[in-house]
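Protein sequences, first through last, are from chains A and B. Letter 351 of the first sequence, counting from 1, is numbered 350 in numbering that gives the first Met the number 0, and no numbers are missing. Letter 236 of the second sequence, counting from 1, is numbered 235 in numbering that gives the first Met the number 0, and no numbers are missing.
Check the hints yourself; a few may be wrong.
In silico EDC-like pairs for lysine to aspartate or glutamate, Cα to Cα no more than 20 angstroms straight-line [as the list claims (entries may be wrong)]:
{"no.": "1", "chain 1": "A", "residue 1": "29", "chain 2": "A", "residue 2": "182"}
{"no.": "2", "chain 1": "A", "residue 1": "104", "chain 2": "B", "residue 2": "243"}
{"no.": "3", "chain 1": "A", "residue 1": "131", "chain 2": "B", "residue 2": "178"}
{"no.": "4", "chain 1": "A", "residue 1": "294", "chain 2": "A", "residue 2": "359"}
{"no.": "5", "chain 1": "B", "residue 1": "192", "chain 2": "A", "residue 2": "242"}
{"no.": "6", "chain 1": "B", "residue 1": "205", "chain 2": "A", "residue 2": "95"}
{"no.": "7", "chain 1": "A", "residue 1": "294", "chain 2": "A", "residue 2": "358"}
{"no.": "8", "chain 1": "A", "residue 1": "1", "chain 2": "A", "residue 2": "152"}
{"no.": "9", "chain 1": "A", "residue 1": "264", "chain 2": "A", "residue 2": "229"}
{"no.": "10", "chain 1": "A", "residue 1": "366", "chain 2": "A", "residue 2": "242"}
{"no.": "11", "chain 1": "A", "residue 1": "18", "chain 2": "A", "residue 2": "212"}
{"no.": "12", "chain 1": "A", "residue 1": "18", "chain 2": "A", "residue 2": "54"}
{"no.": "13", "chain 1": "B", "residue 1": "192", "chain 2": "A", "residue 2": "54"}
{"no.": "14", "chain 1": "A", "residue 1": "29", "chain 2": "A", "residue 2": "67"}
{"no.": "15", "chain 1": "B", "residue 1": "66", "chain 2": "B", "residue 2": "243"}
Hints listed in this document are in silico derivations from the structure and should not be mistaken for laboratory results. All values reported here derive from a predicted model rather than from experimental measurement.
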Amino acid sequence: MKGSDVVIEHVRKSFGDFKALDDVSVGIRKGEFFSLLGPSGCGKTTLLRIIAGFESPEGGAVLLDGRDVSPLPPDARHVNTVFQNYALFPHLSVFENVAFSLRLKKAPESEIKAKVAEYLQLVELQAHAHKKPSQLSGGQKQRVAIARALINEPSVLLLDEPLSALDAKLRQHMLIELDSIHDKIGITFIYVTHDQQEALSVSDRIAVMNAGEVLQIGTPQEIYESPATDFVAKFIGETNLYEADVASVSGETVDLSVDGFGTVKVTATEPPPVGSRVSWTIRPEKVRIGLEEPKSARNGINAIAGVVDEPIYSGFQSKFYVRTPSGLVLKVIKQHADWSDDGPEIAWKDSVWLSFSAEDAYIVEVKR
Amino acid sequence: MKRVPGSSGAQGGLYAAPSIFWLSVFFLAPLAIIVAYSFLTPGARGGVEWTPTLDAYRAIANPTFAKVTLNTILVAIGATAITLLIAVPCGYYMARSERQTLLLMLIMIPFWTNFLIRIYAWIAILGNEGFLNDILLATGLAKQSVRFLYNRGAVMLVLVYTYLPYAILPLYSTIDKFDFSLLEAARDLGASKLGAINKVLLPNIKGGILTAFLFTFIPIFGAYAVPLLVGGTESYMLGNLIADELTKSRDWPLASAISLVITLVTTIGVLLLLRANGNAVLGGSGDGEPAVSEPAAAIGGSR
Numbered sequence: 000m001k002g003s004d005v006v007i008e009h010v011r012k013s014f015g016d017f018k019a020l021d022d023v024s025v026g027i028r029k030g031e032f033f034s035l036l037g038p039s040g041c042g043k044t045t046l047l048r049i050i051a052g053f054e055s056p057e058g059g060a061v062l063l064d065g066r067d068v069s070p071l072p073p074d075a076r077h078v079n080t081v082f083q084n085y086a087l088f089p090h091l092s093v094f095e096n097v098a099f100s101l102r103l104k105k106a107p108e109s110e111i112k113a114k115v116a117e118y119l120q121l122v123e124l125q126a127h128a129h130k131k132p133s134q135l136s137g138g139q140k141q142r143v144a145i146a147r148a149l150i151n152e153p154s155v156l157l158l159d160e161p162l163s164a165l166d167a168k169l170r171q172h173m174l175i176e177l178d179s180i181h182d183k184i185g186i187t188f189i190y191v192t193h194d195q196q197e198a199l200s201v202s203d204r205i206a207v208m209n210a211g212e213v214l215q216i217g218t219p220q221e222i223y224e225s226p227a228t229d230f231v232a233k234f235i236g237e238t239n240l241y242e243a244d245v246a247s248v249s250g251e252t253v254d255l256s257v258d259g260f261g262t263v264k265v266t267a268t269e270p271p272p273v274g275s276r277v278s279w280t281i282r283p284e285k286v287r288i289g290l291e292e293p294k295s296a297r298n299g300i301n302a303i304a305g306v307v308d309e310p311i312y313s314g315f316q317s318k319f320y321v322r323t324p325s326g327l328v329l330k331v332i333k334q335h336a337d338w339s340d341d342g343p344e345i346a347w348k349d350s351v352w353l354s355f356s357a358e359d360a361y362i363v364e365v366k367r
Numbered sequence: 000m001k002r003v004p005g006s007s008g009a010q011g012g013l014y015a016a017p018s019i020f021w022l023s024v025f026f027l028a029p030l031a032i033i034v035a036y037s038f039l040t041p042g043a044r045g046g047v048e049w050t051p052t053l054d055a056y057r058a059i060a061n062p063t064f065a066k067v068t069l070n071t072i073l074v075a076i077g078a079t080a081i082t083l084l085i086a087v088p089c090g091y092y093m094a095r096s097e098r099q100t101l102l103l104m105l106i107m108i109p110f111w112t113n114f115l116i117r118i119y120a121w122i123a124i125l126g127n128e129g130f131l132n133d134i135l136l137a138t139g140l141a142k143q144s145v146r147f148l149y150n151r152g153a154v155m156l157v158l159v160y161t162y163l164p165y166a167i168l169p170l171y172s173t174i175d176k177f178d179f180s181l182l183e184a185a186r187d188l189g190a191s192k193l194g195a196i197n198k199v200l201l202p203n204i205k206g207g208i209l210t211a212f213l214f215t216f217i218p219i220f221g222a223y224a225v226p227l228l229v230g231g232t233e234s235y236m237l238g239n240l241i242a243d244e245l246t247k248s249r250d251w252p253l254a255s256a257i258s259l260v261i262t263l264v265t266t267i268g269v270l271l272l273l274r275a276n277g278n279a280v281l282g283g284s285g286d287g288e289p290a291v292s293e294p295a296a297a298i299g300g301s302r
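Please take these sequences and the hints and turn them into a complete structure.
What follows is the structure, encoded as structure tokens:
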């Protein structure tokens with residue numbers, strides 16, 4: 000693997016009274032596609048700017064391959080950035096934008112020509128070398144920004160919401176392209192985004208951030224399937240998140256008594272003691288919905304009756320908000336498979352049965 | 000200037016009438032008089048006699064004229080360079096500041112006081128019995144009063160002071176539109192702080208620098224009051240020469256010829272600069288015209 004490992008140790012940063020980063024520690028491996036994911040104002044961009052050298056941390060250190068780079072200015076770090084608004088130099092052609100760092104190094108003209116051509120080819124822009132940035136589309140500008148950052152052969156590439164200015168279709172396309180560039184180049188990518196879909200689809204690992212803290216670091220599967228906090232559960236994907244009291248524990252199966260609703264069986268690897276107040280979650284796509292009461296009442300299956308409050312049809316799937324007699328509302332997503340699987344149509348005001356396995360429902364946080 | 004879409008030629012002429020009238024009566028006619036006078040014989044007590052001659056242009060070849068021209072060029076280049084060196088950082092600071100309105104106010108405040116009064120204020124500060132000398136003598140930093148006034152340095156100082164706002168304002172408005180993340184991008188790609196300013200900031204604010212240059216160089220080139228009031232014999236400038244030819248020597252044709260040469264030289268210089276920089280002045284389309292006409296008007300002015 001090329002690239003560097005990046006270690007963030009106890010980094011703190013505030014702007015006036017606002018704590019942008021509060022004792023943040025993250026370890027990023029060599030060659031990894033690592034995402035910093037969180038809502039705006041969570042500190043992810045500040046952390047990226049600290050790694051790039053545009054901001055200096057008030058405490059802690061940034062280690063690149065074990066060396067503390069926090070006192071170094073941006074031009075002395077072997078790290079390059081793809082900026083959110085591309086930040087292409089408007090007075091220079093595409094060629095000169097990409098050649099910028101080579102010219103600063105006073106590289107020979109022949110080397111500049113060859114390398115710029117190589118990197119323009121990587122982003123498929125050879126035909127536009129002579130154009131000015133103002134003559135390019137958003138996607139093309141993005142590619143120039145990527146080529147310009149990569150030509151320096153950095154050991155880490157920082158990407159600050161690089162796709163946020165593009166429309167949805169182009170975003171998907173550029174995401175796949177970024178992933179393939181990462182596979183070709185093999186250096187460490189640190190990708191800042193507020194879009195959980197983007198982060199889930201390309202990252203090797205993700206750090207979920209909120210209010211200046213890192214809440215969870217893990218693979219997309221870990222983050223999605225076993226969120227560490229209520230915030231992570233709500234921020235990543237759609238979810239049902241409720242509070243409940245622990246009624247009884249047997250092995251890894253926990254019976255929860257949900258307020259005004261009854262008992263629900265969930266799984267916990269480290270079950271909290273009986274009487275604890277907890278939050279628990281079940282993903283909407285893991286709940287089955289049907290008009291008839293589920294027959295296989297085997298152990299560990301929760302079956303709940305309710306009425307469809309609102310069905311939302313969106314082609315490949317439908318989402319239902321189902322209200323239980325106690326007033327609790329569960330979100331359910333049903334994929335439309337083929338004719339044999341689809342069953343009778345479920346409509347507004349239908350009485351339905353919901354069922355889900357205890358193995359798909361998790362305790363997220365122990366409140367007390 | 001772009002034509003307003005849909006306006007016919009006749010209507011256009013009607014709309015342009017006031018400015019055509021203004022330009023003819025107050026700019027073209029006086030210019031024509033100056034051109035005509037420069038080819039005539041001086042009258043005994045000022046004015047002209049209607050005998051055509053090239054004497055005025057022969058007189059320009061005189062070494063005194065060359066010396067004054069050289070001095071004027073040196074003062075204008077020096078004062079403009081100093082003004083721009085101060086104005087670029089000021090404009091940059093203003094554009095990045097959070098208190099832009101306050102700073103703009105501070106730039107405008109000197110305009111509330113008459114230009115001549117502000118020159119006399121400098122005399123009150125720099126004079127032999129002025130404010131500055133009072134301090135120097137009182138603190139014992141100087142044994143006898145220092146002669147700050149009546150030399151080229153004093154002329155440059157007051158010229159820089161006078162034209163600094165004219166340079167700061169266009170620079171501020173250009174730098175305000177500059178995307179500062181470009182500087183970070185340059186630093187990210189390996190440029191030093193100074194390198195980022197040279198390679199990215201300056202090329203992108205070229206239009207503002209050119210405008211600031213024109214707004215300062217041209218009026219300073221025609222400066223009259225400042226060298227008259229705070230300058231000495233060594234800092235005699237073309238503006239003073241014209242005034243003296245007109246009022247003391249009473250050689251109106253020579254004064255006209257000198258004026259004409261200054262006008263021609265600056266106009267050709269401005270046109271060449273504008274051409275080299277395309278439409279960059281004042282940030283581009285449509286705004287090119289005031290940039291040309293205003294300094295051109297300033298040439299005729301007696302500052």
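message = Can you confirm whether the C-alpha distance between residue 366 of chain A and residue 242 of chain A stays at or below 20 angstroms?
response = holds (9 angstroms)
inquiry  = Check the hint pairing residue 205 of chain B with residue 95 of chain A against an upper bound of 20 angstroms on the C-alpha distance.
reply    = The hint holds at about 18 angstroms.
ask   = CA of residue 192 of chain B to CA of residue 54 of chain A, is that 20 angstroms or under?
value = holds (15 angstroms)
message = Against the 20 angstroms threshold, does the CA-CA distance of residue 18 of chain A and residue 54 of chain A hold or violate the hint?
response = holds (14 angstroms)
query = For the pair supplied as a hint, residue 192 of chain B and residue 242 of chain A, is the alpha-carbon distance within the 20 angstroms limit?
reply = Violated, at about 54 angstroms.
ask   = Under the criterion that the straight-line Cα-Cα distance not exceed 20 angstroms, is the pair residue 29 of chain A, residue 182 of chain A satisfied?
value = This hinted pair holds, its Cα atoms lying about 13 angstroms apart.
task = Decide if the proposed pair is consistent with the structure: residue 18 of chain A and residue 212 of chain A, CA atoms, cutoff 20 angstroms inclusive.
result = holds (10 angstroms)
ask   = Does the structure keep residue 294 of chain A and residue 359 of chain A at a Cα separation of 20 angstroms or less?
value = holds (19 angstroms)
query = Do the alpha carbons of residue 294 of chain A and residue 358 of chain A lie within 20 angstroms of each other, as the hint requires?
reply = The hint holds at about 18 angstroms.
query = Does residue 66 of chain B pair with residue 243 of chain B here, judged by a C-alpha cut-off of 20 angstroms?
reply = Holds, at about 16 angstroms.
ask   = For the pair supplied as a hint, residue 104 of chain A and residue 243 of chain B, is the alpha-carbon distance within the 20 angstroms limit?
value = violated (58 angstroms)
key: 20 angstroms limit on alpha-carbon distance, applied to hinted pair residue 1 of chain A and residue 152 of chain A   = holds (10 angstroms)
Violated hints, listed in ascending order, are 2, 5; each of the other numbered hints is respected by the structure.
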